[in-house]
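Read off the chains here:
There are 2 protein chains.
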Amino acid sequence: MAKTASNEGRKIRYAVVGVGNIAQVAVLPAFAHAGENSELVALVSGDPEKLAAVGERYGVAERGGYDELEDILRRARVDAVYIALPNTHHREFTERAAAAGVHVLCEKPMAMTEEDCEAMIRATKDRGVKLMIAYRLHFEEANLSAIEIARSGKLGAVRAFTSFFTQVVRPGDIRTRSEVGGGALFDLGVYCVNAARYLFREEPVEALALSQRLDERRAKDVDETTSAILRFPSGAIAQFTVSQGISSVSWFQIAGTEGDLRVEPAFDYTSEITHYLTIGGKTEKKTFKKRDHFAPELVYFSRCILEDKEPEPSGLEGLADVRVMRTIQSAAASGRVEAIAPFEKEQRPDLGQSMKKPPVDAPEPVNAPSPSEQ
Amino acid sequence: MAKTASNEGRKIRYAVVGVGNIAQVAVLPAFAHAGENSELVALVSGDPEKLAAVGERYGVAERGGYDELEDILRRARVDAVYIALPNTHHREFTERAAAAGVHVLCEKPMAMTEEDCEAMIRATKDRGVKLMIAYRLHFEEANLSAIEIARSGKLGAVRAFTSFFTQVVRPGDIRTRSEVGGGALFDLGVYCVNAARYLFREEPVEALALSQRLDERRAKDVDETTSAILRFPSGAIAQFTVSQGISSVSWFQIAGTEGDLRVEPAFDYTSEITHYLTIGGKTEKKTFKKRDHFAPELVYFSRCILEDKEPEPSGLEGLADVRVMRTIQSAAASGRVEAIAPFEKEQRPDLGQSMKKPPVDAPEPVNAPSPSEQ
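Chains E and C, in that order, are what the protein sequence lines are. In terms of the numbering used here, the first sequence opens at residue 1 and continues consecutively. In terms of the numbering used here, the second sequence opens at residue 1 and continues consecutively.
The hints are simulated quantities; they were obtained by calculation from the structure and are not laboratory data. It is possible that part of the hints are untrue.
Note that the list lumps identical chains together, so a pair holds whenever it fits in one copy or between two copies.
Stated by the list, open to error - When the alpha-carbon atoms are kept at most 20 Å apart in a straight line, the in silico EDC-like pairs for lysine to aspartate or glutamate are as follows:
| hint | residue 1 | residue 2 |
| --- | --- | --- |
| 1 | Lys286 | Asp350 |
| 2 | Lys154 | Asp215 |
| 3 | Lys282 | Glu272 |
| 4 | Lys345 | Glu118 |
| 5 | Lys282 | Asp268 |
| 6 | Lys154 | Asp350 |
It should be emphasised that the depicted structure is a prediction, and the values quoted were computed from it without experimental measurement.
Chain E on its own, in the form it takes in the complex:
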């Protein structure tokens, strides 16, 4: 769809596919602040009870099961899907939406394998529809400001990134099940890998890692905890620990020859985010208000569709993280440093993408408990 006068005032019509916890507490409420160019017109889920209750709540009449996807997309004249399904289903639903000529905004991590990511990029490209991966922090002021600080030279040469991102996940939650793409690395590590990449603005070339499983109830075939080290071409090092079996912690720190910046919490959408910037031994604190992280994604993706622009974060951005995480998995299994194949990536998020939307009140979810035990 080209950018034309006829798009003035037009709203992109969304179907949300997958009505689990994240859709209910974050994606669906976000439409309230995305009304300038986005509207919710359909819901797709395998749970009729959820569909009825949530459809009622948002006044969405067009709804149905996964096998009805194509019918619903057509009936509701859907322009774009927001895929909030388990990671292992991202490819199938991206391909089906693309085949129906529908644009795709897909949750991260993009998929569990490079092959799936590449298939998703191909499917959308072949049908001429947009593909964006839902990296909400690419529109979040505190994270984007951290990028600006790293680039400004205030920290000197930026040499290290370190991060700790943990949460005690309820045993049985999909985030802990291998058959739907669970585990700490793919669930939480994707934030750390993505942050290291957007802060350093280059692609890592080597990974080493150690994974651990302590609570068999929580982590059957997946990593409960992963600790990884990445080497970047500039010589910068990123290291992080993520865990689904450790009480909630969420921060990153970047440090250079002249100073450091700690961002805490770093990855959360349910609280304000604070910068602790230390230069020459003096620390300045700056707090960024709690915001809705999801409405900006909808507004931005709708703009990309209406103005025919390639989204940042694109499918390549999703693939860039998946390939790093796959190498981390492989390094954890082999116990050796593993090379990460070269990868060209020009497009990076920057402060220009910042978009401020007021926070939402999350409604009580229907048949979709919080991932957290706490």
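Once you've looked at the hints, dock chain C against the given chain E.
What follows is chain C alone, placed relative to chain E:
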């Protein structure tokens, strides 16, 4: 020397061997608060100018060069040496002091190899003199309280330790020179390894690591930056990054199933130390006053001598860290997970060792610049 009535009121007579920056700004001033059982009676250095100026400052008449060590020990009736020499010289001077029947308090890291550590343990044991490694944090309230918190169960099962300890070291400083045992791992990593061990109260069994060198002026044959991951028998993971080429940062965090504790700064003796204890999402802050970390070592070691007790931290404690660091070096070189040989260690520091002494004003050092560029 057995604990006898004749030891009442007796003071242990110390020679400080090596009069570099740490001796001048920290060890020598500490005698002012260790007067209850310790006194400074001799200085040994290769720099006559330093000897004269510093000897004058502290009214120490017995002083001389390294080849005069045995003479000075005898002339000044020295009971114990405080070895503040470059790491590669610790073994030689420990052996010489022991041969002269003198007790040894030796700076950390104990030595550069397990072989040297074992020789130092043997030499002191054979001559019936005490050997203590100068782990000042084994007497520091904030670090010892962190141990208590970890043991108390407040954090639940403690699963991860993470630490970041960096400083831009002046090019040319001994800490950057391989021939005297420099590099970030041995200079700074010893704190992280020791902290992980005193917090988890067990010995790691596997290491993986990555070392990096960016500034050739600073790090010729040594690691400028090392990032390491250690696996412990309980399943706990420790990971840390240390660097001599990154602006000053100093903290550790331990996290368990119920909460976490961040200690920042964690390793410094020039400032207060703060605990940030988070349980159930609520953070309590507790600040521990700036203290002298060196006088407690002197007072404690003198007590061990006077009361004929085995010091904690012993030579085995020093060896325990060196063997872990050597495996980290080896893992960084091989790019593989390296097993750390089993090691029995019963004695661990605890809050009972806390000793509070007022901070000292560091005098302007003579011919001994600060390691820091900043």
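Hints, one by one, checked against the model:
Taking the shortest Cα distances, Lys286 and Asp350 sit within 20 Å of each other inside one copy (19 Å), while across copies they are farther apart (37 Å). Taking the closest pair of Cα atoms, Lys154 and Asp215 come within 20 Å of each other only across two copies (19 Å); inside a single copy the shortest separation is 43 Å, beyond that limit. For a Cα distance limit of 20 Å, the shortest separation of Lys282 from Glu272 across copies, 15 Å, qualifies, whereas the shortest one inside one copy, 22 Å, does not. For the identical chains of this complex, Lys345 and Glu118 are intra-copy neighbours only, at 15 Å inside a copy versus 52 Å across copies, given an alpha-carbon limit of 20 Å.
For a Cα distance limit of 20 Å, the shortest separation of Lys282 from Asp268 across copies, 16 Å, qualifies, whereas the shortest one inside one copy, 26 Å, does not. Proximity of Lys154 to Asp350 under the C-alpha cut-off of 20 Å is restricted to the intra-copy arrangement: shortest distance 17 Å within a copy versus 41 Å between copies.
Hint compliance for this structure: no hint is broken.
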